[in-house]
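A.B. asks: Each chain is listed here by its residues.
6 protein chains.
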Amino acid sequence: MRLNNRAVNALRPVRVEYGFQPHAEASVLISMGATQVLCAVTVEDRVPPFLLGKGQGWITAEYGMLPRATHSRGRREAVSGITGRTHEIQRLIGRSLRMMVDLQQLGEHTLRVDCDVLNADGGTRCASITGAALAVRTAVEEMVQQGKIAMTPKLLPVAAVSVGIVQGEALLDLDYSEDSAAEVDANFVMAGDGRWIEVQSTAEGAPFAPEQFAALANLATAGLQQMFSSLW
Amino acid sequence: MRLNNRAVNALRPVRVEYGFQPHAEASVLISMGATQVLCAVTVEDRVPPFLLGKGQGWITAEYGMLPRATHSRGRREAVSGITGRTHEIQRLIGRSLRMMVDLQQLGEHTLRVDCDVLNADGGTRCASITGAALAVRTAVEEMVQQGKIAMTPKLLPVAAVSVGIVQGEALLDLDYSEDSAAEVDANFVMAGDGRWIEVQSTAEGAPFAPEQFAALANLATAGLQQMFSSLW
Amino acid sequence: MRLNNRAVNALRPVRVEYGFQPHAEASVLISMGATQVLCAVTVEDRVPPFLLGKGQGWITAEYGMLPRATHSRGRREAVSGITGRTHEIQRLIGRSLRMMVDLQQLGEHTLRVDCDVLNADGGTRCASITGAALAVRTAVEEMVQQGKIAMTPKLLPVAAVSVGIVQGEALLDLDYSEDSAAEVDANFVMAGDGRWIEVQSTAEGAPFAPEQFAALANLATAGLQQMFSSLW
Amino acid sequence: MRLNNRAVNALRPVRVEYGFQPHAEASVLISMGATQVLCAVTVEDRVPPFLLGKGQGWITAEYGMLPRATHSRGRREAVSGITGRTHEIQRLIGRSLRMMVDLQQLGEHTLRVDCDVLNADGGTRCASITGAALAVRTAVEEMVQQGKIAMTPKLLPVAAVSVGIVQGEALLDLDYSEDSAAEVDANFVMAGDGRWIEVQSTAEGAPFAPEQFAALANLATAGLQQMFSSLW
Amino acid sequence: MRLNNRAVNALRPVRVEYGFQPHAEASVLISMGATQVLCAVTVEDRVPPFLLGKGQGWITAEYGMLPRATHSRGRREAVSGITGRTHEIQRLIGRSLRMMVDLQQLGEHTLRVDCDVLNADGGTRCASITGAALAVRTAVEEMVQQGKIAMTPKLLPVAAVSVGIVQGEALLDLDYSEDSAAEVDANFVMAGDGRWIEVQSTAEGAPFAPEQFAALANLATAGLQQMFSSLW
Amino acid sequence: MRLNNRAVNALRPVRVEYGFQPHAEASVLISMGATQVLCAVTVEDRVPPFLLGKGQGWITAEYGMLPRATHSRGRREAVSGITGRTHEIQRLIGRSLRMMVDLQQLGEHTLRVDCDVLNADGGTRCASITGAALAVRTAVEEMVQQGKIAMTPKLLPVAAVSVGIVQGEALLDLDYSEDSAAEVDANFVMAGDGRWIEVQSTAEGAPFAPEQFAALANLATAGLQQMFSSLW
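Residue numbers (this note's numbering), protein chains in the order written: chain A, 1 to 232; chain B, 1 to 232; chain C, 1 to 232; chain D, 1 to 232; chain E, 1 to 232; chain F, 1 to 232.
Where hints are given, some of them may not hold.
Heads up, the list lumps identical chains together, so a pair's fine if it works in one copy or across two of them.
[As the list claims (entries may be wrong)] In silico EDC-like pairs for lysine to aspartate or glutamate, Cα to Cα no more than 20 Å straight-line:
hint	residue 1	residue 2
1	K54	E204
2	K148	E44
3	K154	E204
In case anyone wonders, no lab produced these hints; they're calculated from the structure.
Given only the sequences and the hints, what does the whole structure look like? Please build it.
C.D. replies: This is the structure:
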């Protein structure tokens, strides 16, 4: 039985609040159930050294978690240094967001996206991607308005969701207690047209059959279509 | 003329939301105008090494700021390391909170307080102290309820406010634009009985006369009395 | 046309040399084409703190690359610190190896696996997993011989291969020049019984259709079956 | 009873030796009782990046302590990293020294002041400020002589002293044993004309009444006037 | 009795394999007995900042050791940071190699030499110097061929060997077990014409007489002459 | 012509002041000409982990330099981290001092020696060793007096001096200007009975003949005998 009698193929309630950080060029506070992530976009009028003179833009992300977003307090990364998990997540977010737009059309601008988890109840990397994509859309629209970009670039909607197998059953959008008990844990990042951007599927307890993977993929696809309908 | 026609001796609106981080033993989201700080208390059933076997407790604080809490993005301290400013602020918060309670009465527990600035518009260290003190009160009351502390300890209310001299005029509770223009910048941490816990007064542009300091002290005292009335 | 007229579904030559580092409890120098990785297992008679007293073992991995394994020299991580890419890879190797054996049967021992890339020509993380799994097998057999483990544990064969889409065509076991040009890049970690341990598929240039993913999965599966036949 | 029958309002003997580090543009070895601090000024013909092209100069400070300046050996900060206490002190020294001179008149030069404690017996931050101010005066006079500055800038004398309440009594210029026992601990940085540059007053054991603060301020003012008479 | 009945004045077998790292401008895998070091040269078309505009080149070295090159696993320096021993060794290698060639004749190029120990059985710093010198020769010859250097510079052959006193007897080319038991431990870096480049002699158990040093010097000289005959 | 008409085989004036850091168990401020090093010994009643339970003591050293000990200001190592040069020097000092006494006779105590250069004019590592050895002698005598060591251990006098070849001529005890111009630079650490503890000889400009080394060794020996006469 899932919390609140949630169906195996049901998403948790998704809420989005724009403008939570008024200093940012765009910001979104996204909630998926009890998970809350604050996504803020900074637009910089320069590109990283490896792109100098190439006439294109860049999108990159950093990820963090407040120490008490979690059940037991985590060490502040300003003290402990950035963990491997954080590195892995922020690289995933950056790759996913760079699929949203033709970087040539961005001009020589960098969109630096900060995803900070205020409360964690499973699925923080997926919520980060989903929220950050909405914030990037807002930021790009703003850049167009300000004339920083000549033509409105085509934006590919992007969202992400976690799925997993818990006690032999495939579940959509795991919360923390489900995630901790999962035998298989997967994240799907999808574009609005149904194509995939990133697939990560990990055996936690035991290897999984290709058929189990297929079931998870179907569950994720349906969930993401629903998210695109409501958010984009 | 101050923003919103605020009087020179008027506080910005103060709002407090309890329980923003449900995993924490106590948490407070405090707003002073557009400044927002999330204060969370973690109760640990152990003390730092230098207190082992002394039968007393400890209160300590860490302070952070989300990269886009500010007008221009600040580097994430997980990347750059902790700055001198952060060290200075978190030491001040910790010292101030340790005045709230006789540490012998805490037993061998540590209250670890995280103050994270979500939005910055001046006075973040003062908002941190004021919000953290409320969160510590909640945490201690909870410890009593759970029987972690035998007797209810006497709690000294604590709050803080910034004052400063801008264009020759003493102002209460500076916002960012006022703080940037201040000739003198001071922070007062006060107890509920009117005694002082910490006074820091700094010449930004030019030295100040003792009489100017006295005027700032009066302004801060009145403002803090008003805060104690509404928050404690 | 691939280098040496290699077929789209052909592996590069795989060679394995045991005992390259005679001080190690087990070591394997694995070559996949021009990629060479040295995998060494250290057996420690203790477990990490989070497993103390649980009566089980642990397997963990570290990954490195000699500065001149690559076309242009990479900075030594002893100087620059560990990059996000390294963190990501060594976490993947560790997770994959932990699927090989019931950790209860290992007793309170840690197998610490070092994977160091001597020469890089694509697929270093997959070569690391494949070589390390063979070294772990040798180390466990040695532990049984020395009486460190009471009963011979059942070992699950594990291997990994990269696949990708280059100029619209699905290719098995990418070399560096193919990997640099790939539109989609995927790594499959598989068990000897055909079940999957980890799947990572990333859009490099544009999102990919689920059918493209299926083609990659088929290619990887066939390649890995061939590797299990020759190496296990 | 204070050491050597010192009166409550008496300074410890102050001695100043110029030129202790002959390579420095200016240097002062200052002793306040058994506390000894070596202050050296380096004049750089450039300014930090944030001042480029503004036509003004800068003064900044670093603070350190030899490991065995103290009763028990302190860890070398080259090993442990800079502590929060050091950050706080060197920021205070820098702010205080920048009040000495109109930075426009310095031209595009940086005065970098190193304060290194050779022996510590209380009041090291105040001795650092007092000694460094004298070294800055010497350095500026030298810059004028060398023609690095067109006109002699007006220099504001600066000095600092600690005061505190020990066993209910207000004392001037605390030594280490007094400082360790103080209920209130304050530092006053004052200009030669009696105006204040920085005031820091901290409750160590219990909050303090505004009247107690006033007594400390009077004691500090009298002590600093005496220091200005003898040193400037 | 030495391993394999080696005479007190006999070198261990020396083997050299060129081109082990094909991406490098030059590389040598050198074995002295069971010690194996991989030396790779990277040629950069720039010089360090302190040589800008001086029209000369530079040679520098970095040294590392794979974690399981040794009997018990060493911590990876990417995790622990570079040790003092590593700093000392890589400075010695760099100094020695810079004696090989008139740096004016190199033009504005940097030769960056990586020495990585794959297996350690004593004498790793000497093997590094000997192998690196051969790799530098190859790299310089290649630079001449590519026209990066106008004229062929004169190259001074360089090699190094360790000697020591074990149980009162002077031995050439210590292996690890001899090195661990040595009362005196010395390294000689010599040029092909018999002149010395670096001499380091260290008392491990007790000071040594100048006559003992002379005996070690003779032993090293004879051994190095033999190495020059076979390798240069 | 040397400064002050110093003869090629003459030492600079050596001065020693005991007790400069009164908190230390022993301290020596040593001057060799314009070079000044403060050496302080801390006696700890414990040994490092690798010596636990072996019933012996340990001597170790740390070395530092005040930023403005030198002609141009050096970066503070608390900011930049410890350089390779510092690592090399402090390892040399520690090794040299451990030759002074049978570590078994020290009991389970650690002598931690801090050598901090206040002014640098060449020969700082040799001055550190010479001064530290005198401080160690004082500390050990004090330990005997306090009953920390049962029997007075036999102490071997230790001192060090630099020699070098400048414009073809062998010079004793180089100052900074000579050291910068030296073609060969050597340091000799010697025991009071004329045996050698450490010899380091480095070609700076060109390799050197064994006969040149012999001349340097003679010069150093005579200089050190003179130092032992005056200091021990």
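A.B. asks: If the cut is 20 Å between Cα atoms, do K54 and E204 qualify within a copy, between copies, both or neither?
C.D. replies: between (42 Å within a copy, 18 Å between copies)
A.B. asks: Between K154 and E204, at a C-alpha cutoff of 20 Å, which is it: within one copy, between copies, both, or neither?
C.D. replies: For K154 and E204, the Cα distance is within 20 Å only across copies (18 Å; inside one copy 38 Å).
A.B. asks: My question is about K148 and E44: at a cut-off of 20 Å on alpha-carbon distance, are they close within one copy, between copies, both, or neither?
C.D. replies: Classified as within: same-chain Cα gap 11 Å, cross-chain 39 Å, threshold 20 Å.
Of the numbered hints stated above, none is contradicted by the structure.
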